[in-house]
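Asks: Use the sequences and the hints to build the structure in full.
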Amino acid sequence: MRKYSAFSLVRNALSHNRKWREAWRSPDPKPEYDVIIVGGGGHGLATAYYLATEHGVRNVAVLEKGWIGGGNTGRNTTIVRSNYLWTEASLLYEKSMQLWEGLSQDLNYNVMFSQRGVYNLGHTLQDMRDIERRVNANRLNGIDAEVVSAEQIGKAIPFINTSPDARYPILGASLQRRAGVARHDAVAWGFARAADARGVDIIEQCEVTGINRDGGKVTGVETTRGVIKAPRIGVVVAGNASVLAAMAGLRLPIESHPLQAFVSEPLKPVIDTVIMSNAVHGYISQSDKGELVIGAGIDAYNGYGQRGSFQTIEHTMQAIIELFPVLSRVRMLRQWGGIVDVCPDACPIISKTPVGGLFFNCGWGTGGFKATPGSGWAFAHTIAEDRPHELNAPFDLERFTTGALIDEHGAAAVAH
Amino acid sequence: MLLIECPWCGERAETEFSYGGEAGITRPADPGALSDAEWADYLFNRSNTRGAHRELWNHAQGCRRWFGVERDTVTYRISGSFRLSGASDNREA
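Line by line, the protein sequences are chains F and S.
Those letters in the first sequence? Residues 76 to 491, by our numbering.
Those letters in the second sequence? Residues 1066 to 1158, by our numbering.
Note that these hints are calculated values from the structure, not bench results.
Each residue gets a CB set at the ideal place from its N, CA and C atoms; glycine is no exception.
Among these hints, one or two may not hold up.
Claimed, not checked - Not everything, but these chain F residues come out facing chain S in the computed CB check (under 7 Å):
hint, residue
1, Ser317
2, Gly324
3, Gly372
4, Gly378
5, Phe385
To be verified - To spell it out: a stretch of chain S is covered by chain F in this simulated footprint if at least three of its residues, at any positions, have a beta carbon under 8 Å from a beta carbon of chain F; those stretches are:
hint, region
6, 1083-1096
7, 1111-1118
8, 1134-1146
Replies: Right, dumping it as structure tokens:
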């Protein structure tokens, strides 16, 4: 890997930028690997990266049916925060936050992590009670969090409607100042480049069509580019987890739904933080290019179509205009959908399975992007050691049998 | 937006309906006789089919009755609606 630096910028400028090397190789698959990761999204690439760096497992393939960063990694609204209610969830997301804080240096790739703060608004007395409870829970877990008043919100975010006459008046918010946004494409590319440099084969246009087993253990995968063998397989395919599970004869507590997002035409700087509202249900930030990045809730029905219904778009826009009347005439530039795998308790599964050597990392629902480094870090540990790290042990598939759910539905600062 | 045919009221816009998930899931007759794993499978696991999916809808803003729809979860194309048996298994009548 040629290191990126100010010096490399100058050197390549002098050669008219003709000598930049590809960020990662495009190798043909080998017949056999120590570990196969199915899914070349952020979580899969991060898993491969931490397998190589933390556990010395370098004979790894990442199989991606499309192209790197073309799935949910490139389809989210890029928000990163760790203000979850329950201790199990907040410690996992906080691990991720700590990795985010050094990620650009670790990867030698600018992921544009910007800790611009996240406000979670409260519109009712009950919202404010929940916010105070969550902020206190976060602080007990060593995570920065504070409660701010409507007056403070009005000063920090000039264009937000804090009028007490609003249909859903803003009474206050929780604020996590270390939270923010990162550039999603750069996260995928950065992990891909750093994993490739450590020997990981990233194989695009290679769809897994079957999981081969013998005597209750995995032996490899069938793909559109032939059979590839491996004694350990990690599946991390947001939006298709149930489909891959069925290939190994497993059923998952997951339903897949479309989640839509939007960007507006570019504007001058108007919002320098991230604002999320549970009650009117929308969230918004502004990218460095000036586009407003907007998201909201899932479509209710099961869907794999990477698009949703128009009334969901309308509902999202109503929420944004309720919060920011000043944006009522802004035009949307693009709209798209991703497919989110939702668990009954709105928490992920990072787990061994009843099939030996087969591991699943799935069910991140609407909020997987923020967990990208932490998810990969914990999944790499689970695969390399054949047992979960204490951070992801509560996120075992078994919790649906024992009943030890981690109920972040509605508790996790945003409705699901 | 989906155009859904209620077996009683005819075709209406999706906003009149609420979604009820996978059809044909039978509540166990004797839950106490099940193992934890069998109960978890009934309670939480879903086929989450990619393709032709039989699912429940409720005409919440109309006749308020439950019925079944067969819909492709990739193309979202609806191939038909069906009335339910009225028994606890939510199967086609």
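Asks: All the hints need checking, so say for each whether the structure fits it.
Replies: Here is what the structure says about each hint:
1. Ser317: 4 Å, holds
2. Gly324: 13 Å, violated
3. Gly372: 13 Å, violated
4. Gly378: 5 Å, holds
5. Phe385: Check passed: Cβ of F/Phe385 comes within 5 Å of chain S, closer than 7 Å.
6. 1083-1096: With 4 residues in contact (Cβ-Cβ under 8 Å with chain F), the coverage given for the region 1083-1096 of chain S holds.
7. 1111-1118: holds (count 6)
8. 1134-1146: holds (count 5)
Going through the hint list in order, the structure does not satisfy hints 2 and 3.
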